[in-house]
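*Asks:* What follows is each chain in one-letter form.
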Amino acid sequence: AQSVAQPEDQVNVAEGNPLTVKCTYSVSGNPYLFWYVQYPNRGLQFLLKYITGDNLVKGSYGFEAEFNKSQTSFHLKKPSALVSDSALYFCAVGTGANNLFFGTGTRLTVIP
Amino acid sequence: DAGVIQSPRHEVTEMGQEVTLRCKPISGHNSLFWYRQTMMRGLELLIYFNNNVPIDDSGMPEDRFSAKMPNASFSTLKIQPSEPRDSAVYFCASRMTSVYTDTQYFGPGTRLTVL
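Line by line, the protein sequences are chains A and B. If you're matching positions, the first sequence starts at 1 in the numbering used here and goes up one per residue. If you're matching positions, the second sequence starts at 1001 in the numbering used here and goes up one per residue.
Be careful, since some hints might not be right.
Stated by the list, open to error - If the Cβ cut is set under 7 Å, some of the chain B residues that face chain A in the computed set are:
#1 1028
#2 1045
#3 1088
#4 1091
#5 1096
#6 1097
#7 1100
#8 1103
#9 1108
I should point out that these hints are in silico values taken from the structure, not numbers from a laboratory. Where a beta carbon is used, it is the ideal one built from N, C-alpha and C, also for glycine.
Next up, chain A with everything else stripped away, as it sits in the complex (with noise of 0.2 Å):
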C-alpha cells in the first residue's frame, strides 16, 4: 500500500530565513510526487513534481524539493522565505494507479 507522511503539521519560520517542510513516503513501485500548496479558501495549486531524473526539482515561487531514495523522502524546501508563503501544503504520491494519495498537509507560518 502506498501512503505518505508530513510529520508536521504546523511549521513557522521567520521571514528571510530558509524553510523545510517535510514528506515521507511509502510505496511498493518507483514513486511519483508532487508538493501542492492550498491558499485560505482556495484550491491546490501545483508547486512542483518528482517523475524521473535530477533528484533536486525547481518549481514556483522559487520553491525545490529533493527525492531522496534511501531516506523515502521529498522535503519542500526555500532559500528565503516570504510571509506570502504562508499556507497549507501537502505532499503526494503516486506509483501507476491513476489517483493521488495526498499527506495531511503541513501549515506553514512565516513571521514577519
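Starting from the known structure of chain A, arrange chain B on it as the hints suggest.
*Replies:* Just chain B now, with coordinates in the frame of chain A:
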C-alpha cells in the same frame, strides 16, 4: 485560460435535501477527479473518470453519493439525501491525459454545509 470551474462555491442545505455539485474541467483534459476535504480526514479521493468513464469509485462513502460525467466538459457529484456529516469542501481536479505522472489541476472547491 480558465482553470477548473466549480459551482456553486458555497452551498448550505438542510439534512435530507438533495445536493448537486458541478465541475467543468480544463478544456482538453480527459481525466477528472472528485475529492473531499475535511479537518478530520484530510483530502480524500471519491471517484475519478478517464474519458468520461468512471474508473474507480471505491472512495465514494456510500450509496447516497453518485457522480456522472455525461461529456468531456461537465461532471456532477450528487448527494441524496444529504446528512450533516457530509459537510466538507469538495474539490474537482482535471488532468490532461490518463497518464498518472501528469499533473492534476484543482478547482476552487465547493464548501458544503448540511444543517
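*Asks:* Hints first: check each against the structure and report whether it holds.
*Replies:* A quick look at each hint next to the structure:
{"no.": "1", "hint": "1028", "result": "violated, 17 Å"}
{"no.": "2", "hint": "1045", "result": "holds, 5 Å"}
{"no.": "3", "hint": "1088", "result": "violated, 14 Å"}
{"no.": "4", "hint": "1091", "result": "holds, 6 Å"}
{"no.": "5", "hint": "1096", "result": "violated, 12 Å"}
{"no.": "6", "hint": "1097", "result": "violated, 10 Å"}
{"no.": "7", "hint": "1100", "result": "holds, 5 Å"}
{"no.": "8", "hint": "1103", "result": "holds, 5 Å"}
{"no.": "9", "hint": "1108", "result": "holds, 5 Å"}
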